[in-house]
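Asker: Listed here are the chains, written in short residue letters.
Protein chains: 2
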Amino acid sequence: MDKTQALKVPFELINAQLYSVEERIRQQARAFDPAVEGYVAYAVESHGKRLRPALALLAGGATGNICPSHLDLAVILELIHAATLVHDDILDGADKRRGQPTANAKWGNAISVLLGDCLFAHALKLSTSFPNGEISRRIAHAASEVCSGEIIQTQRRFDLKLSVPDYYKIIEMKTAALFAAACELGALINEAAPEVIDALRIFGLQLGTAYQIYDDVLDLAGDEAKAGKTLGSDLRKGKLTLPILHLLQISDEAERHRLSEIILNGDEADILALAEKAIAAGAVKSAIATGRKMLREAEGRLQIVPENKYRDALGGLVTTLDRMIGQFTV
Amino acid sequence: MDKTQALKVPFELINAQLYSVEERIRQQARAFDPAVEGYVAYAVESHGKRLRPALALLAGGATGNICPSHLDLAVILELIHAATLVHDDILDGADKRRGQPTANAKWGNAISVLLGDCLFAHALKLSTSFPNGEISRRIAHAASEVCSGEIIQTQRRFDLKLSVPDYYKIIEMKTAALFAAACELGALINEAAPEVIDALRIFGLQLGTAYQIYDDVLDLAGDEAKAGKTLGSDLRKGKLTLPILHLLQISDEAERHRLSEIILNGDEADILALAEKAIAAGAVKSAIATGRKMLREAEGRLQIVPENKYRDALGGLVTTLDRMIGQFTV
Numbered sequence: 007m008d009k010t011q012a013l014k015v016p017f018e019l020i021n022a023q024l025y026s027v028e029e030r031i032r033q034q035a036r037a038f039d040p041a042v043e044g045y046v047a048y049a050v051e052s053h054g055k056r057l058r059p060a061l062a063l064l065a066g067g068a069t070g071n072i073c074p075s076h077l078d079l080a081v082i083l084e085l086i087h088a089a090t091l092v093h094d095d096i097l098d099g100a101d102k103r104r105g106q107p108t109a110n111a112k113w114g115n116a117i118s119v120l121l122g123d124c125l126f127a128h129a130l131k132l133s134t135s136f137p138n139g140e141i142s143r144r145i146a147h148a149a150s151e152v153c154s155g156e157i158i159q160t161q162r163r164f165d166l167k168l169s170v171p172d173y174y175k176i177i178e179m180k181t182a183a184l185f186a187a188a189c190e191l192g193a194l195i196n197e198a199a200p201e202v203i204d205a206l207r208i209f210g211l212q213l214g215t216a217y218q219i220y221d222d223v224l225d226l227a228g229d230e231a232k233a234g235k236t237l238g239s240d241l242r243k244g245k246l247t248l249p250i251l252h253l254l255q256i257s258d259e260a261e262r263h264r265l266s267e268i269i270l271n272g273d274e275a276d277i278l279a280l281a282e283k284a285i286a287a288g289a290v291k292s293a294i295a296t297g298r299k300m301l302r303e304a305e306g307r308l309q310i311v312p313e314n315k316y317r318d319a320l321g322g323l324v325t326t327l328d329r330m331i332g333q334f335t336v
Numbered sequence: 007m008d009k010t011q012a013l014k015v016p017f018e019l020i021n022a023q024l025y026s027v028e029e030r031i032r033q034q035a036r037a038f039d040p041a042v043e044g045y046v047a048y049a050v051e052s053h054g055k056r057l058r059p060a061l062a063l064l065a066g067g068a069t070g071n072i073c074p075s076h077l078d079l080a081v082i083l084e085l086i087h088a089a090t091l092v093h094d095d096i097l098d099g100a101d102k103r104r105g106q107p108t109a110n111a112k113w114g115n116a117i118s119v120l121l122g123d124c125l126f127a128h129a130l131k132l133s134t135s136f137p138n139g140e141i142s143r144r145i146a147h148a149a150s151e152v153c154s155g156e157i158i159q160t161q162r163r164f165d166l167k168l169s170v171p172d173y174y175k176i177i178e179m180k181t182a183a184l185f186a187a188a189c190e191l192g193a194l195i196n197e198a199a200p201e202v203i204d205a206l207r208i209f210g211l212q213l214g215t216a217y218q219i220y221d222d223v224l225d226l227a228g229d230e231a232k233a234g235k236t237l238g239s240d241l242r243k244g245k246l247t248l249p250i251l252h253l254l255q256i257s258d259e260a261e262r263h264r265l266s267e268i269i270l271n272g273d274e275a276d277i278l279a280l281a282e283k284a285i286a287a288g289a290v291k292s293a294i295a296t297g298r299k300m301l302r303e304a305e306g307r308l309q310i311v312p313e314n315k316y317r318d319a320l321g322g323l324v325t326t327l328d329r330m331i332g333q334f335t336v
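Chains F and P are the protein sequences, given in the same order. Under the numbering used here, the residue at position 173 of the first sequence is numbered 179, and the numbers go up by one with no gaps. Under the numbering used here, the residue at position 168 of the second sequence is numbered 174, and the numbers go up by one with no gaps.
Any given hint might turn out to be false.
Copies of the same chain look alike in the list, so a pair counts if it fits in one copy or across any two.
[Claimed, not checked] Keeping only pairs whose Cα atoms sit at most 25 Å apart, straight-line, the calculated BS3-like set for lysine-lysine is: (1) K102 - K243; (2) K55 - K167; (3) K167 - K283; (4) K243 - K112; (5) K299 - K283; (6) K243 - K299; (7) K112 - K315; (8) K175 - K243; (9) K112 - K167; (10) K167 - K291; (11) K315 - K291; (12) K299 - K175; (13) K315 - K245; (14) K315 - K102; (15) K299 - K55.
Bear in mind the hints are in silico, worked out from the structure with no lab data behind them.
Full structure from sequences and hints, please.
Answerer: Structural data, given as structure tokens:
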């Protein structure tokens with residue numbers, strides 16, 4: 007769920023706080039038994055984009071001050087994210103992430119299952135320190151959504167009956183739930199007005215959804231060298247993403263039958279041809295249009311948020327993602 | 007960590023509450039997305055002994071009334087336990103648990119990794135509902151201990167340098183931490199005196215440790231038919247348990263070298279011979295003595311707890327486990 011090329015955003019505004027978050031994430035490893043510390047340190051020092059922390063900080067800044075609770079929130083969300091990545095890599099049998107060996111490649115699946123559990127438990131332990139119990143409750147809820155979304159995705163691999171609403175439900179749970187929690191809780195910590203909190207939650211949900219659509223498009227129409235992965239990997243794993251669902255929708259019955267056969271039993275050449283087909287038929291283009299429409303909606307949610315440089319930075323994030331999603335030549 | 011034959015304890019005293027706990031555990035499945043509900047229902051309806059719930063309820067009764075928070079605590083601890091069992095079965099490649107197919111046998115490792123995560127996240131979500139944040143904090147801490155203990159155990163499989171203190175540390179973390187949390191938090195919910203809370207925590211820790219020693223002895227000296235599993239399975243997985251550590255300690259260097267060779271490279275017959283050897287050399291007997299000594303210590307902790315039928319039932323649990331651990335013919 008987080009395998010795209012770097013989403014580089016102008017985070018200068020929160021550079022100092024992101025640095026603190028980075029420090030705190032690193033410190034968490036030391037909270038573990040020395041025998042476990044090394045694994046945890048490796049899993050969290052993966053130099054990810056820290057997108058969820060950035061959202062938590064920006065939502066905090068947009069609704070008041072960025073206080074230590076925002077740093078805690080940022081750390082917790084990133085640890086939950088790290089836990090899901092460790093488990094994802096097991097499910098996918100992935101041996102590299104961001105150019106580094108995955109935990110399962112280094113230490114095998116047994117350690118990695120438990121390492122993910124450790125990160126997860128630790129994140130939820132940290133989250134019990136908020137004076138407002140509602141915050142830890144919503145964090146745990148988001149974590150539960152992520153896991154349930156991943157189960158449904160796994161369950162429905164190669165399921166040709168997957169509908170577009172099913173697809174949205176899955177990506178909202180597995181990806182957008184943590185984005186939404188970052189934005190919502192960043193505002194909740196500042197006791198922002200309920201309508202602002204809700205607007206930021208939906209902003210996060212839509213941004214996260216668009217981000218996943220971008221990622222799905224990247225897998226079909228990306229630049230293999232830049233993406234650092236082989237195209238069509240979702241298809242190979244039986245993940246039916248929005249462009250493929252669009253392609254199935256616009257095909258006549260005979261064609262749909264042929265495409266289904268490829269999805270279920272296609273070889274490497276068939277899969278790549280299917281990706282080409284999705285581009286040629288305009289299915290990728292329509293997924294891109296959907297993602298961009300969602301970004302415009304997300305941007306609209308910000309209107310209710312008080313105008314300040316942090317809110318503008320959230321808007322800037324939308325613009326950057328929109329540019330990235332618009333750059334595919336399809 | 008929970009594969010012994012049923013530890014049958016006279017729980018009549020809390021039968022009604024255990025029934026409620028059972029109901030509540032079953033209800034939890036319905037909190038999940040319909041697509042996930044079936045997996046969760048299967049994982050929690052495994053007809054385990056519900057030992058951790060029983061401890062939470064008895065500790066509650068011993069220190070005041072058994073209130074709804076005790077039922078919540080019981081449900082949460084059992085869900086965490088269920089999560090660890092689902093992940094354990096993946097690590098062990100187990101296809102049966104208590105006579106039923108494991109989740110990984112039914113749905114594969116991918117679903118099972120995520121199912122364990124779902125149970126875990128849900129348990130920690132439920133735990134955020136306690137008005138006293140200290141309770142959810144300690145639950146999350148215990149969960150983190152369990153996962154760290156399992157990592158260390160996995161990391162040190164086939165590690166002949168494992169010391170007896172290392173062994174204790176592992177089983178305290180992976181097994182006794184949840185027993186301790188059940189007893190401690192059952193008392194904390196009732197705002198018992200700090201020394202009573204602490205005594206019950208140590209009671210749980212010692213009971214859990216003795217329980218794990220019992221389980222380890224069962225694996226070497228149990229009745230295969232009754233235990234429902236093959237003897238020596240810990241050895242086959244490279245788990246060095248207390249009797250084996252004792253055997254290594256009392257052997258001279260040449261013999262230790264021979265035994266080490268079997269642990270690392272022994273075939274099926276060697277492993278069974280090693281189990282026999284541990285019995286013949288008195289190593290199993292000394293592990294049993296250690297377990298029983300720990301149970302006497304645990305019982306002593308109860309003296310500080312107000313005298314009542316629930317405290318007596320906790321004592322009865324000790325007696326039952328002592329009888330079980332004393333029944334081996336070694």
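Asker: Each hint should be assessed against the structure and marked as holding or not.
Answerer: Here is how each hint holds up against the structure:
For the homomeric pair K102 and K243, the shortest alpha-carbon distance inside one copy (16 Å) is at most 25 Å, but the shortest distance between copies (28 Å) is not. In this assembly of identical chains, the alpha carbons of K55 and K167 never lie at most 25 Å apart, being 34 Å within a copy and 40 Å across copies at closest. In this assembly of identical chains, the alpha carbons of K167 and K283 lie at most 25 Å apart only when taken from the same copy (20 Å versus 59 Å across copies). For the homomeric pair K243 and K112, the shortest alpha-carbon distances inside one copy (22 Å) and between copies (20 Å) are both at most 25 Å.
Only within a single protomer do K299 and K283 lie at most 25 Å apart by alpha-carbon distance; the minimum there is 23 Å, versus 72 Å between protomers. Taking identical chains as interchangeable, the C-alpha atoms of K243 and K299 are never at most 25 Å apart, the minima being 28 Å within one chain and 54 Å between chains. For the homomeric pair K112 and K315, neither the shortest alpha-carbon distance inside one copy (43 Å) nor that between copies (52 Å) is at most 25 Å. Proximity of K175 and K243 under a CA criterion of 25 Å is satisfied intra-copy only: 19 Å inside one chain copy versus 40 Å between copies.
Proximity of K112 to K167 under the C-alpha cut-off of 25 Å is restricted to the inter-copy arrangement: shortest distance 22 Å between copies versus 37 Å within a copy. Taking the closest pair of Cα atoms, K167 and K291 come within 25 Å of each other only inside a single copy of the chain (22 Å); across copies the shortest separation is 60 Å, beyond that limit. In this assembly of identical chains, the alpha carbons of K315 and K291 never lie at most 25 Å apart, being 33 Å within a copy and 71 Å across copies at closest. In this homomeric assembly, K299 and K175 come within 25 Å of each other (Cα to Cα) only inside a single copy, at 18 Å, whereas the closest approach across copies is 55 Å.
When the C-alpha separation of K315 and K245 is checked against a cutoff of 25 Å, the pair qualifies neither within a copy, at 39 Å, nor between copies, at 57 Å. In this assembly of identical chains, the alpha carbons of K315 and K102 never lie at most 25 Å apart, being 37 Å within a copy and 58 Å across copies at closest. Within a single copy, K299 and K55 get their C-alpha atoms as close as 24 Å, which meets the 25 Å cut-off; across copies the closest is 53 Å, which misses it.
Comparing the model with each earlier hint shows violations of hints 2, 6, 7, 11, 13 and 14; every other hint is respected.
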